[in-house]
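J.: What follows is each chain in one-letter form.
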Amino acid sequence: MTTTVPVVERVLSANDAVAAEVRAILDARGIYCVNLMASPGAGKTSLIERTVTALKDEFGIGMINGDTSAAAFDAERSQRAGAAAVHVNTAGKCHLEAAMVRDALRLLPLEEIRLLLVENVGNLVCPMSWKLGAHANVLIGSTPEGDDKPYKYPKMYAGVDVVVLNKIDLLPYLEFDCERYLGGVEALNPGLRKFRLSCRTGEGLEEWIAWLRQQVKTSR
Amino acid sequence: MHELSITEAVLDVVLRHAGGARVRSVQLTVGEWTGYAGESIELFWQELARGTPAEGARLEFRFEPATLRCRGCGKEFPVNGSGLECPGCGALGGEPAGGRDCTVDAIELEGGSGT
Chain A
1 MTTTVPVVER VLSANDAVAA EVRAILDARG IYCVNLMASP GAGKTSLIER
51 TVTALKDEFG IGMINGDTSA AAFDAERSQR AGAAAVHVNT AGKCHLEAAM
101 VRDALRLLPL EEIRLLLVEN VGNLVCPMSW KLGAHANVLI GSTPEGDDKP
151 YKYPKMYAGV DVVVLNKIDL LPYLEFDCER YLGGVEALNP GLRKFRLSCR
201 TGEGLEEWIA WLRQQVKTSR
Chain B
1 MHELSITEAV LDVVLRHAGG ARVRSVQLTV GEWTGYAGES IELFWQELAR
51 GTPAEGARLE FRFEPATLRC RGCGKEFPVN GSGLECPGCG ALGGEPAGGR
101 DCTVDAIELE GGSGT
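Residue numbers (my numbering), protein chains in the order written: chain A, 1 to 220; chain B, 1 to 115.
Each statement offered as a hint is correct.
Here are some chain B residues pointing at chain A (derived, C-beta under 8 angstroms):
1. S5
2. A9
3. R24
4. L84
5. L92
6. G93
7. P96
8. C102
9. A106
10. I107
11. E108
Mimicking EDC-like on lysine to aspartate or glutamate, the simulated pairs with C-alpha atoms at most 20 angstroms apart in a straight line are:
12. K152(A) - E186(A)
13. K75(B) - E186(A)
14. K93(A) - E42(B)
Since the hints were derived computationally from the structure, they do not count as laboratory data.
C-beta atoms are modelled at their ideal positions from N, C-alpha and C, and glycine is treated no differently.
Working from the sequences, and respecting the hints, build out all of it.
T.: Here you go:
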């Protein structure tokens with residue numbers, strides 16, 4: 001004899017609950033948290049270095065770097081730029097989960113931090129499904145990836161709050177149609193915040209920095 | 001390897017609702033927006049469920065296609081990778097609608113009922 005038990009539970013509800021816990025910890029301390037997502041090589045760590053360098057004298061910055069391996073190159077780069085960084089080895093998992101962030105928070109000097117940057121694992125498929133408790137989900141795209149990315153990864157682009165298009169210094173060498181790219185982003189996610197910049201030349205960075213500074217100032 | 005985490009989460013939900021009873025089968029809905037592949041979940045399931053009351057339980061998948069709801073005319077249309085244009089009015093994009101979630105819908109237990 002068997003019995004069928006109705007369940008109807010979202011599989012990720014447990015992760016969502018931990019993400020809410022993370023958000024409560026952050027809000028209690030007035031920490032503004034950004035979840036940075038991108039494909040490998042889009043420039044997550046470069047943008048972090050630039051951001052930390054520009055803002056570290058104004059307020060304390062914490063970093064959580066997610067990586068699929070124990071190689072802590074990215075955390076080291078963030079640390080050199082002046083952030084308190086924790087490396088999270090996801091042991092092969094292709095995204096960060098809320099519990100990983102919650103555990104990493106215990107290793108950071110939270111009382112000194114106003115801005116927390118979370119570098120997710122380089123991947124455009126699943127990180128968006130796993131909420132982390134961040135205040136802003138940011139997708140970094142880059143021009144060499146091609147202008148079709150919003151059309152191919154609609155879930156990522158539909159779910160984020162901010163899109164940063166990096167490597168605009170390469171536009172003269174690429175067949176990248178900014179209108180097509182940004183049009184696709186806008187179609188999936190009308191009115192979201194968009195930045196165009198180059199971490200290499202510094203062009204356009206000031207707007208991103210100013211926006212982030214404003215978010216931190218108004219979050220407390 | 002996103003199916004490893006999702007399969008762990010599926011097993012958590014199943015064991016919590018099984019209340020210690022042996023699990024015969026699990027009914028799952030997998031939305032296409034999640035990007036999860038059934039075969040991969042199946043593979044991890046066999047490994048992860050071993051030694052638990054859900055060992056050997058059969059997974060029954062219901063796949064739900066990813067759709068967008070047009071902001072212009074309200075039509076719901078599938079996202080198939082070829083474009084984001086609404087077949088109804090030609091507007092570009094829309095709000096993600098069907099196929100966004102992965103849920104455990106029901107479990108079949110041996111003997112009496114679970115929780």
